[in-house]
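Please assemble the complex out of the two chains, which come individually in their own frames, going by the hints.
These protein sequence lines are chains B and G, in that order. For the first sequence, position 93 matches number 93 in our numbering, and the numbering has no gaps at all. For the second sequence, position 88 matches number 88 in our numbering, and the numbering has no gaps at all.
Think of the hints as simulated: they come from the structure by calculation, not from any bench. Each residue gets a CB set at the ideal place from its N, CA and C atoms; glycine is no exception. Take these hints with a grain of salt, some might be off.
Distance ranges between label pairs, derived from CB positions [to be verified]:
no.: 1; chain 1: G; residue 1: P110; chain 2: B; residue 2: E52; range: 23 to 31 Å
no.: 2; chain 1: G; residue 1: K96; chain 2: B; residue 2: S65; range: 14 to 22 Å
no.: 3; chain 1: B; residue 1: T20; chain 2: G; residue 2: G41; range: 41 to 49 Å
no.: 4; chain 1: B; residue 1: H10; chain 2: G; residue 2: K96; range: 25 to 33 Å
no.: 5; chain 1: B; residue 1: T14; chain 2: G; residue 2: L46; range: 30 to 38 Å
no.: 6; chain 1: G; residue 1: L56; chain 2: B; residue 2: E52; range: 14 to 22 Å
no.: 7; chain 1: B; residue 1: S65; chain 2: G; residue 2: D54; range: 41 to 49 Å
Now for the letters of each chain:
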Amino acid sequence: ETGVTQSPTHLIKTRGQQVTLRCSSQSGHNTVSWYQQALGQGPQFIFQYYREEENGRGNFPPRFSGLQFPNYSSELNVNALELDDSALYLCASRVQGVREAFFGQGTRLTVV
Amino acid sequence: AQSVTQPDIHITVSEGASLELRCNYSYGATPYLFWYVQSPGQGLQLLLKYFSGDTLVQGIKGFEAEFKRSQSSFNLRKPSVHWSDAAEYFCAVPYKDMRFGAGTRLTVKP
Numbered sequence: 001e002t003g004v005t006q007s008p009t010h011l012i013k014t015r016g017q018q019v020t021l022r023c024s025s026q027s028g029h030n031t032v033s034w035y036q037q038a039l040g041q042g043p044q045f046i047f048q049y050y051r052e053e054e055n056g057r058g059n060f061p062p063r064f065s066g067l068q069f070p071n072y073s074s075e076l077n078v079n080a081l082e083l084d085d086s087a088l089y090l091c092a093s094r095v096q097g098v099r100e101a102f103f104g105q106g107t108r109l110t111v112v
Numbered sequence: 001a002q003s004v005t006q007p008d009i010h011i012t013v014s015e016g017a018s019l020e021l022r023c024n025y026s027y028g029a030t031p032y033l034f035w036y037v038q039s040p041g042q043g044l045q046l047l048l049k050y051f052s053g054d055t056l057v058q059g060i061k062g063f064e065a066e067f068k069r070s071q072s073s074f075n076l077r078k079p080s081v082h083w084s085d086a087a088e089y090f091c092a093v094p095y096k097d098m099r100f101g102a103g104t105r106l107t108v109k110p
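Pulled out of the complex, with its shape left as it was, chain G reads as follows (with noise of 0.2 Å):
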């Protein structure tokens, strides 16, 4: 069944510093594949989403993921983090429901 795997629970950078954020995905098929970021006590907001096409999506507040068949990842990535990024983060993947990774919960460093 369609599946979404975060190997981080927690990762920490400091501010400035650049950011990875890992998914991967199980799926037969070309999947589409979101990520959301929550932060504390508040609900889910889109970030980018991959459908088809160019593998480089990009989305909100400066995010952009790349999706990579050959490695069954769609990571999350950001140049430059700032205070504001520190939250939870999660790699979703559409199925009868939207299926959820654990999530990775970010700490960013001043």
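Bound conformation, chain B alone (with noise of 0.2 Å):
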């Protein structure tokens, strides 16, 4: 069983550049979230996609967008980078209805 599975590891992007995350969720999982988590905090959710659609969101500008794929993996995207968005960004997968999440590795976004 592949669990999630999170690319990059790391990247530095220049404030104002855009970023796209990806993620791949752990076999049979159809629901898949993102947080930041920044430095010396837990992590903050960002948003949840479901059926490709997404379906909660955080408290976090329309400049994160995300999407997912019919194989249930999913991008972050960011634009227009600040340098407060430098953080651990952490994915999650899970099945619909069942509580207990299983977190990637996370990507480490720097932005400088």
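In structure tokens form, the structure reads like this:
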């Protein structure tokens, strides 16, 4: 059974640029959520996808957007990067209706 | 709204000593509760979960947690800490998303 995998593991971007992060959900999981974890803080919910549609969103601006594909993998896109977007971005997958979520190793984004 | 609070930001224990990390929840009904562990720069690994039934739940790596409705708590325990347990620990409750506490950083002294 393959767990949740995220790519890339690290990346550095310049303020104002755009970035795409990728997540492959665990086998059999149809729901994917994204979280932002700033240094020294707990993860904050960005949004969730189920059946290729966003079905929940946290307190993040529209420049944070996402996609889910038919194979349940997902992308997180962030436009107009700001310095405060520097964080660890975590993807979690689960089966819709089941509360238990499994997390990937995260993508460390640094905005300079 | 459902939430969890971790009162301790940082705890230091000696290797071999016992450990208890505190978590308090705010929830109207019987909650689902989770503990996750995060090593530096890594993702979150599920340690254990409580859904219902037996209030003492066993997890991986020798951890256990006890659900106490009267105290609205779900504290994580380990009888003997190993140096490899040094990490950040998060209590969480699922709502529409997973809501995390602020975390407790565990340092293990040799």
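Outcome of the hint check:
In this structure the hint that P110 (chain G) and E52 (chain B) lie 23 to 31 Å apart at CB is violated, the actual value being about 51 Å. Distance hint check: the CB atoms of K96 (chain G) and S65 (chain B) are about 18 Å apart, consistent with the given range 14 to 22 Å. Our hint of 41 to 49 Å for T20 (chain B) and G41 (chain G) is violated, since their Cβ atoms are close to 21 Å apart. In this structure the supplied range 25 to 33 Å holds for H10 (chain B) paired with K96 (chain G), their Cβ-Cβ distance being about 30 Å.
Judged by the Cβ atoms, the range 30 to 38 Å given for T14 (chain B) and L46 (chain G) holds: they are separated by roughly 36 Å. Checking the proposed 14 to 22 Å range against L56 (chain G) and E52 (chain B) shows it is violated: the Cβ atoms sit about 40 Å from each other. Hint check: S65 (chain B) to D54 (chain G), Cβ distance near 42 Å, so the stated range 41 to 49 Å holds.
In this structure, the earlier hints numbered 1, 3 and 6 are contradicted, and the remaining ones agree with it.
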